[in-house]
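Taken in sequence, the protein lines are chains A and B.
One point on numbering: in my numbering, the residue at position 207 of the first sequence is 207, and numbering is uninterrupted.
So the mapping is simple: my numbering equals the position in the second sequence, first residue as 1, plus 1000.
Hints were generated in silico from the structure; no laboratory data involved.
A portion of the hints provided could be inaccurate.
Said to hold, decoys possible - Some, not all, of what chain B presents toward chain A, calculated at C-beta under 10 angstroms: (1) M1001; (2) K1003; (3) R1028; (4) Y1031; (5) R1033; (6) V1035; (7) S1038; (8) Q1039; (9) M1041; (10) K1062; (11) K1072.
Glycine included, each C-beta is placed from N, C-alpha and C at the ideal position.
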Amino acid sequence: MYSFESKGPKRGVSFYSYSAEYGLTKTLEDCFEDAHDMGAHGIEILANTHIDNYPYPSDAWVENWHRLCDKYEIIPVEYGHWIDSHVLQGRELTTEESVEMLCRDIRLAHRLGFTVMRTKMPVINELLEPVLNWREIIRAALPLAEQLGVKMCPEIHTPSNLNGKMVREYIDFIKETKTKNFGLNIDFSVFRTEFAEGEWRDPNFEPNRPEDIIPLLPYVYCCHAKFIQMNDDFEEMTIPYPQIIDILKREGWDGYLLSEYEGADKYDDGYEVGQTLRKQHIMLKNLMGE
Amino acid sequence: MEKQVIQSVGFRNLSKDGRMVGFQFKIRLPYYRGVFLSQLMPGALFVDGERIGKEDIIWTLKGEEYTVEQMKQDSLRPCQLRLLRLRCLFSYRTPDERSCQAFTAPTVMPVTKYFCTKG
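Pulled out of the complex, with its shape left as it was, chain A reads as follows (with noise of 0.2 angstroms):
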């Protein structure tokens, strides 16, 4: 099995930057090739969306996908799924089922080798906050996440603000139940400063400082380094990263900056996220004076 031995922030790659082009023109190896070719070395997946029957893969699966890990040097660090509470039409699913759907994707989540999960709630307002029975639900999973070495993470995400009452709420948890097995994936779509003239801003939206990520680093164990635009000098226009890296590396936080490109543009003919990609990651490279 291979392993990667750094530590600070890593480059990573989540496969959703490829959903314009996966199962079109390219495969699941073309995605762990192309995250080898750009030096990464951690991958998120949809479980979703790249694993073969999910969530019932078939062996044989099982062994090309660290078949693929070895070849390309990749550790598997997130595994997104969803807790889907609101799968069925006629009703909301009970505690116990949700628990169970939880259950399911930690116990593949550790057999593809995966050690954080971006866990999304089931979200009840445009707030995106969770479920009223989200803790029974976490508390219920806390166990064998815990035997099986995962740390379920919701994401932070814009609008959300990593000063607001979701993510206080996320943080007393952690320390009501001194779980480790709990935590955190901040979306640097929480740090964006910078919109297009007349572009769609969320009303709920307030850009957080960099620093306000530091105390709650010893709860996050992911980020998604998302981006929105990045010039032909390698910067990325509308969120500091030159600051956010700094942090990192000053608070000696370990972890993997997992890029993630949602432009509408990767949906245009002809469009190739991983061009896109590459200027992340020499940004991410220069930054961390890698």
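For chain A, the structure is supplied; the task is to place chain B on it using the hints.
Structure of chain B alone, referenced to chain A:
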């Protein structure tokens, strides 16, 4: 697989005992994540002005057929829900399997409706 929701390969009429009883085509899920069948909210299909209600459409996933009612799967435990990841087969059979006109290269209008998810 092609970029368009409706794939050009696999568009054919269905016949039974020498009579035309419907048609089928392959569709792709143009969404970044796989969804469970129960998360789809199918609508009606219009072919050359003729309306085909969602209750008359059959979805085929990995060889298994589902009516719109069955896709909701209310009676099953959630862990038994089936996932639509990238593609499935979409077919229509006239309810009483009367002979129907052969459909060739129809104009299919509001297909994107089939992929509106709840959340």
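So, going through the hints one by one against the coordinates:
1. M1001: holds, 6 angstroms
2. K1003: holds, 6 angstroms
3. R1028: Status holds, d = 8 angstroms.
4. Y1031: holds, 9 angstroms
5. R1033: Nearest chain A Cβ about 5 angstroms off; hint holds.
6. V1035: holds, 7 angstroms
7. S1038: holds, 6 angstroms
8. Q1039: holds, 6 angstroms
9. M1041: Status holds, d = 8 angstroms.
10. K1062: holds, 8 angstroms
11. K1072: holds, 5 angstroms
The structure fails none of the hints (numbered hints given earlier).
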